[in-house]
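**Q** Sequence:
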Amino acid sequence: MPLSRQFVATLSIVVACVLGCLLQAPLAHAQSEQVAVLPMTTTSRSLRIYRNAIPVALAAEMTTLLGVPVRAVSSAAEVGKRTTVIVDGRLVARSRDRVQLDVQVRRANTGHAVATISSDVANATDIDRLVGELAIALRPVLAKALTPEPFHLPTTVVKGTAVSQEEAADANAVSPTRAEVLLLPAAGRAADGMVAVREPATQAAAHTLARMGLSVGTSTRHEGIANPVEVVAEMRALGSKHALMVQVLSVQFSYATVLSARGRVRVVLIAEDGLAVLDTKVSTDTVVGGRGERHQALVYRVAEQALDMVQPKIKRALAARPPHVRGGT
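The numbering of the sequence shown is the working numbering, which starts it at 1 and goes up by one.
Please note that the accuracy of each hint is not assured.
[As the list claims (entries may be wrong)] Quick list of the computed label-pair ranges, beta carbon to beta carbon: (1) A143 / K81: 19 to 25 Å; (2) L65 / G274: 50 to 56 Å; (3) S46 / T280: 32 to 38 Å.
Since the hints were made in silico from the structure, they are not lab data.
Predicted model, so just to flag it, every value in this text is computed and none were measured.
Each residue gets a CB set at the ideal place from its N, CA and C atoms; glycine is no exception.
Please take these sequences and the hints and turn them into a complete structure.
**A** Following this line, the structure appears as structure tokens:
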């Protein structure tokens, strides 16, 4: 399927501009982009020639419209550390000569989808027009996505009832012994860091502990597998007898008709003296997402299954008396 002459001309100008910027300040440009545009995906062989050309043209259009650095990257590995927003999408063949562009805007730090936008269906020779119209449609979405968004920890669970962080803090201030278990926000990586694990994995752990009938307080100082000595101080402030730490070691995604995943998770439970009463790693079976569910939903399911697998060990560890007090008064 041939490229339109206008599209080729546009791309030539874009490439020239990009090369000029790279020659002037290659390192600064690579590190300062606020928006990264990933290559388009497509199942049509005849459309694969557009995979990288469209992101380059789209990045140039959005740089002009937004007035902030937007860069087309050849893979997720090239996304800069300072990137705020990621744009990825599909080039869909709707019929023999008709195509459509679907793009998704995600926050780089959480992986959360901000919006999904689709272009009109048009002839393949009009892809340059679709790119321009899509850039205009993306302008308000990206402007909003570039606005800093505070990270909200999952709700704290107190005696099986979900409450806000403020309410939980007030409750713990009045009765710190209500937080039987201090839960550290989960840490780890999925899909080479492109899918956030902190919020979904932490929620899965909180929900598991709630089903066990335990009151839970969320740590605000530590995450993942932290130094037990440092965690003990926060445990004492909440009156917690134990602290649960979760590290998502890996998550592998696959896609056939629906998205599925499997993973490996480390779970550590420490007692009030800082000693680990449980330290285990578990590998999950394949979990399958529902229609329309995205990667973070699968991270939740992986973590939930891992915690369910470890739940009997957690119960035994919570019921056992610490070794240093056995035989004591």
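**Q** Assuming the hint says 32 to 38 Å, is it satisfied by the Cβ distance from S46 to T280 or not?
**A** violated (50 Å)
**Q** Check the following: the C-beta atoms of L65 and G274 are separated by a distance inside 50 to 56 Å.
**A** Given about 54 Å between the Cβ atoms, the range holds.
**Q** Could one say that the CB atoms of A143 and K81 fall in the range 19 to 25 Å?
**A** holds (22 Å)
Against the hints set out earlier in the document, a violation occurs for number 3 only.
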